[in-house]
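**Q** As you go down the protein sequences, you meet chains A, B, C and D in turn. Position 157 (the first sequence) corresponds to 157 in this note's numbering; numbering is contiguous. Residues are numbered in this note's numbering as their position in the second sequence, beginning at 1, plus a constant of 1000. Residues are numbered in this note's numbering as their position in the third sequence, beginning at 1, plus a constant of 2000. Residues are numbered in this note's numbering as their position in the fourth sequence, beginning at 1, plus a constant of 3000.
Derived by calculation from the structure, the hints in this document are not laboratory data. As the structure is a prediction and not an experimental result, all values here were calculated from the model. No residue lacks a Cβ here, since even glycine has one placed at the ideal position from N, Cα and C. Take the hints with a grain of salt, since some may be wrong.
[What the hints assert, rightly or not] Interface residues of chain B toward chain C, partial, derived using beta-carbon atoms under 8 Å:
hint, residue
1, Ser1318
2, Ser1320
3, Arg1342
4, Leu1362
Each chain is listed here by its residues.
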Amino acid sequence: MRKLVVICVVITGALLISGCQEIDTEVSAVTVMDAPNDSGGGVVVAWPAPAGVKVDSFAIERLDPETGKYTPLTTVKGDETFLEDTGLTPNADYSYRVVANLADGKTTAVGEGAGRPTGEWFNFNRLNVLVGVVSFVVLVLVFISMARGGKELFVRKIAGLEAVDEAIGRATEMGKPILFVSGLGDASDIATIAAMTILAKVARKTAEYETPLIVPCRDPIVMMVEKEMVREAYTEVGRPDAFEEDSVFYVTDSQFGYVAAVDGIMLRERPATNFYMGAFYAESLILAETGAQTGAIQIAGTDRVTQFPFFITACDYTLMGEELYAATAYLGRDPLMLGSLKGQDWAKAVILVILIVGAILIALTGLGEVDTTWFARLFETVS
Amino acid sequence: MAQDYSHVKTILATDCGSTTTKAILIEKEGEEYRLKVRGEAPTTVEKPAEDVTRGVLNAVGEVEELSGRTLLKKVKVLHSGKGIKGGTDVYLSTSSAGGGLQMMVAGVVKSMTGESAQRAALGAGAIVMDVLASNDGRLGHEKIEAIRRLRPDMILLSGGIDGGTISHVVELAELIGAADPKPRFGSGYDLPVIYAGNKDARGNVKGSLEAKTDLYVVDNIRPVLERENLGPARHEIHNLFMEHVMAQAPGYSKLMEWTDEPIMPTPGAVGEIIQTIASTYGIEAIGVDIGGATTDVFSVFGGVFNRTVSANLGMSYSVSNVVAETGLPNIMRWVPFSVDERAIRDRVRNKMIRPTTIPQTLEDLIVEQAIAREALRLAFEQHKSLAVGLKGIQQQRTISDAFAQTATGGTLVNMMNLDMLVGSGGALSHAPRRAQAGLMLIDGFMPECVTFLAVDSIFMMPQLGVLSKVMPKAATQVFDRDCLVRLGSCVAPVGSGKEGSNCLHIEADFPGLGHISEDVKLGEMRLLPLPVGEKVRAKLDPARGFDLGAGKGDAREVTLEGGVVGVVLDCRGRPFQIPEDETKRVNAITGWLQNLDIYPKVF
Amino acid sequence: MAHAYTPGLKVLGKTIIRKERILPLAGEVLVKKGDTVKAEDIVARTFLPGNVETVNVANSLGLPPEEVPKFMVKQEGDAVEEGEVIAEMKQFFGLYSSRAISPVKGSIETVSSITGQIIVREPPNPVVMDAYVDGKVVEVHGKEGVTVETTGTFIQGIFGIGGETQGEIAVVTDSSERVLADEDITEECAGKIIVGGSLVTAAALKKAIQLGVKGVIVGGFHDWDLKSFLGFDLGVAITGHENLGVTLVITEGFGDMAMAEATFNLLKAREGLQASINGATQIRAGVIRPEIIVPHTEKGKLAAGAGEEGSNLEIGTRVRAIREPFFGKLGEVTSLPVELQILESEAKVRVLGVKFDDGAEEVIPRANVEIIEAG
Amino acid sequence: MRREVPLFICFIMGALMAVQFFVPHQFSITLYQYMLRWLIIVLTFAMLLGIGSLIKVHSYKVRFKREGWGYSIVALIGLAMSIVTGMAGILGRLILGQERMAEGFFGDFLFTFFNSGIDLGSGFMWLFSYIQIPMQATMFSLLAFFIVSASFRTFRARSLEAFLLLIAAIIVMLGRVPLEGIVGQWLPDLAEWILEYPNMAAKRGIMIGVGLGAMSMALKIILGIERSWLGGTE
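Make the full structure from the sequences, and use the hints.
**A** In structure tokens, the structure reads:
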């Protein structure tokens, strides 16, 4: 664990140092510098404002290596002193010429300059993100190692997860299947992955209860992963024979086609328990409301804020936002997982403090007392 | 039940326990029924006598001797009638001899129909040896192995709501069939199996079990998940208990002929009296019977009756198990002095292998009562986990639930609402001082707000229970006048706070004490003497953060009832926490013991 | 409360002992009434139905349960081998087939079209019943077993662990008060039942197992050692099924307590004889105490048979205190007051006066003594 | 071993993608695009498996006449038609070439139908435009009815919080209706304010939680703490 932290710190440091190398600048009226924090397709062309004259606009020209002539690139307003040119080939030389169009209609050359765009290995605009991520990771790892050390961590109860057993039990007693919808996201959506981890837990239970499980999928990759997970879950509880190959199946990737299929399953098979976990869009209410009308116990969980109201009104239990991600930790009661929850809580506390400080600073700025833009800049990300 | 009991003047009732048979004689005095005398004799189910009636005759013989009323004719209980001198108008009996009624129950989901089946069997007075369920984590052959090994007296099979799962129930039936179980007593008859599950599966269950067992089909105990229907199954259990289990036990066929009503399993009868009391007075009540091998807890909350039996928590045969389950430190925390752990372990074991011995020294008594506290606590924990609402119910959500979503199946036991706590069994009824019984009840159950404590003087609740089935009024009268030993009210504010801060202010006019207006600190216990039958209106003002039923910090006026102990003010806070520091702990306990005058000596 | 004392444990030098040897299930009795049997002789045997395994054919073939019977290769009652195909379904015109195989060798017990499961039952397990003691068959109980009778020494212990075993008695401590330590156990003890004094240590017990000692009989044992020895905290006193390699019988109780002189001397007198011991204990309804049976034909008065009612408490009766503070002490009853007395614990009970062997006279509750029945 | 390999791949890829975010260099961009191409290839194969699964499930239903097997026939026919029309278009182009054979209906319609692959006007697109799109629209429009029925059932205030929620909901709803003429501008303004401030604040709170949750989830997966995606927890 400690090693990992050290490695993180070292990497961060290395990146910082590598980023500090100054790019070759030419001593000339017009400087052409490599644009920082990019893939090597941009340069920054900068020029001094000519003294004593009023400039209407600057015309920037780039040397065409084939013809050996300057071709106009663009024109910028007279009060600007630099331009970022992008879309260049990395590590090639480029020359620029800047011509000032004066207010009186005359033009005057400002100067020429050359430079070479290179790709950087670290995006300094994302340094704050890195710092945030690294601190968060360290926080989580610390709590995980604490949990591993056997420290008891209190975690509040989530009714929706407490109810999972009960919901599966209900289906079992009623002789009805359980429907698990892992959302409409694809395998690269973190919410879908969270849903899959919940499915693994649910499948273990359905294997124990010997209750049929129906998992209609919208994404074939998700289907493949989920099928393996469910199979594994059945094997693990010693019931590989109870696993039904076709319980996890593909439906369609059409959003409403999928909804129609799932609604059809609900109306025909009358599952006693419906799980909706993962990413959902406009179809959430159609699914949940149909489920409610068939009398099923419904447990939903999504990180899509706009779908919360629909699930809350139509489902028995709803996991909101992060609760979805926390679910496996709760269901598994694995100390490592619980440790990560604690880490999240602390991160939230930190963010809360930052928000409060920010709010105070903004209020102070409003009073015109202090300049607080430095604080805002800490959290800015330039793209 | 068709008999008319309105002219009954004499009632004889016996309870055949596993070690002693107890007989009581109740007579009508004017308009009231009162206990006349009682007698007891060792139970004679086992070798060498092997006839339960010999013990009954001995016990009744003692009653006869003491009351001077002829109750026996040769070797038979004498019923009164024309031209007969003496005799009894009614003779009733309960029995738990031979280990009582031992059942196995099966349901589809352990926490749903499995739990309902368990409640049905427990409520009927059975000991549930095992709960089979589709999801109990055991594989088929392990379940079969369990059925074979345990050899229950009967099996209650349930599962599935009406119209629900068939395959799970049939699978269980197939497993029971494959186990081909044999009953515990006697051979040559098939094991009774009661089927109380999905009505659609009846045909299939019959197909699997009819040939191999003695199958009885009754209404589903869980027709829908939202409702339990335990009556028919319980009734059938009673019938079968009589017809099969009892009929096989030595001497019972004779005893069954003597009694006017069917013999009930002892715990079932105790359940009856608790229910009768709760409904007569409209109160929430808990009863506990701590025995040598088992501890039974009965509760009535919101009109719902629940019984649990902790088969391995008791004060003699099971005493080692209490220690094993709770751990020695948990027991020693109640003891105001330190004892060598190894010595204690050996001592407890010796109690187990020689269960009939009694504590001679005070230290011995204190340790034994500490074990009793833990036995009570553990039994109550088990009770709380089974006395729960139904699980698996669909919730009707409204926007109100956006803030808090509650789960179903919470415990029904709400200590805040508990009105009466009745204890019985050797450890409580025979405690040298009544205050000891009172404190054991308080420590074991941690009553909240205002709770009235009592003990059963001579363990006659079983007899009264079977009586309450036919003459509820007579049963309540005797219970009230002769059975209960009133200990007094216990006041316990709920909440926690800083050590040494104020917890409760009480203001009342106590006869003998005059007007009192006192503050009680957190962590303190006090006793206000108030004789039996006296009632006092008191203004109780809990400190901030403490609740006495009116809300946190809100004052309340209540009626406190006296008893042989008096009114106990328990300001140790709820949830109760014992100081971790050794000196503090000993000081705290010594304080409580002194204030309540529990033991003759101070440690 | 006329019987409020423990009816002591039997320590009988010579008595008639009858042991019922009953099969768990009716089977075959191999001896006749009147036969003389040795302890290890098999007197009866039977077959217990085998274990069952379930196979979910419906799921492994991807079939609805009601279709299962159609695809069964083996039918109810058929014998199957482990790994044998019991059901098969051809798919895609026979190109490819799904199969269900039997997990065990046995026979098909049921094929269910409701659950889609089939139950395979393993072959029956033979169970045999030996005579346990050297003696004579005096009764045959139909097909269920026999009663074996013998004459010999019969001693009941208070607690034991481990099941039935036989071996030669070897007394390894010189007095009933000495602790049986591991150095007392030598190679010579292998296969024997060794008798110690007041206590057996956990180390000694481990050594005994190592050397192949069949049984250990001592006065006491520490609960702490019991826990480490069993590997768990024994909750309810029902023992006899432990498979630890040795049978332990303790005669007095938990803790360091001298074996009753009479018991020790009796065992010493029987040294070298074959004994049958059983550690099974059940302290509940239907009490079972561990026992030591040493069949012998030595002359002596025949004591009342085992299992018959014992004597009563009288002045002069030898008793042992069985609870603190005098635990383990032996003495004679000197008085039996009728009226109840108050103890230090404030309990009001019937008591008796006792003069202990060390000369001390005490008054203790009647419930806290047991009669020593010797004969 | 069976578990270590996927865990290792997962760690490498996860870490790589995380680092990629901070590295603007051309190399990392190329790598990223390379990965995306892999994804497409995997997806294509997965799609085949998906279709296989679809066929298997529905043919099982038809074979054993399970409840609603008629729908399965429809599903299978639909699938077959999509494949046939899509393939026919591509094959048609290959066989018929780009030349139009005849004028009029047979010429125009059939030519386009069979010869334009899955482009506009092809048979495949015809199925898509005239069957799938309207059906999807139908499903979507059900939403309106479901909103009504859900609101009807759940808009009951049983506590103070619920009451406030209900009031807020009513204000926002009315604020969205063009009623300025009748009640004045304050209602839409109030609705806007509710959405902009309290609502946004709550939403952001949740979003922060979501973000952290997602991050720790990703971290756990990358580090192999969360393994249930592998199946099982051990």
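**Q** Now tell me, hint by hint, if it's right for this structure.
**A** Results for each hint:
A hinted interface residue such as B:Ser1318 counts as satisfied when its beta carbon comes closer than 8 Å to some beta carbon of chain C; here the least separation is about 6 Å, so the hint holds. With a cut of 8 Å, the hint placing B:Ser1320 at the interface with chain C holds, because the nearest CB-to-CB distance is about 6 Å. Taking 8 Å as the C-beta contact cut-off toward chain C, the hint placing B:Arg1342 at the interface holds, the least distance being around 5 Å. Satisfaction of the interface hint for B:Leu1362 is found here, the shortest Cβ-Cβ separation to chain C being roughly 5 Å, below the 8 Å cut-off.
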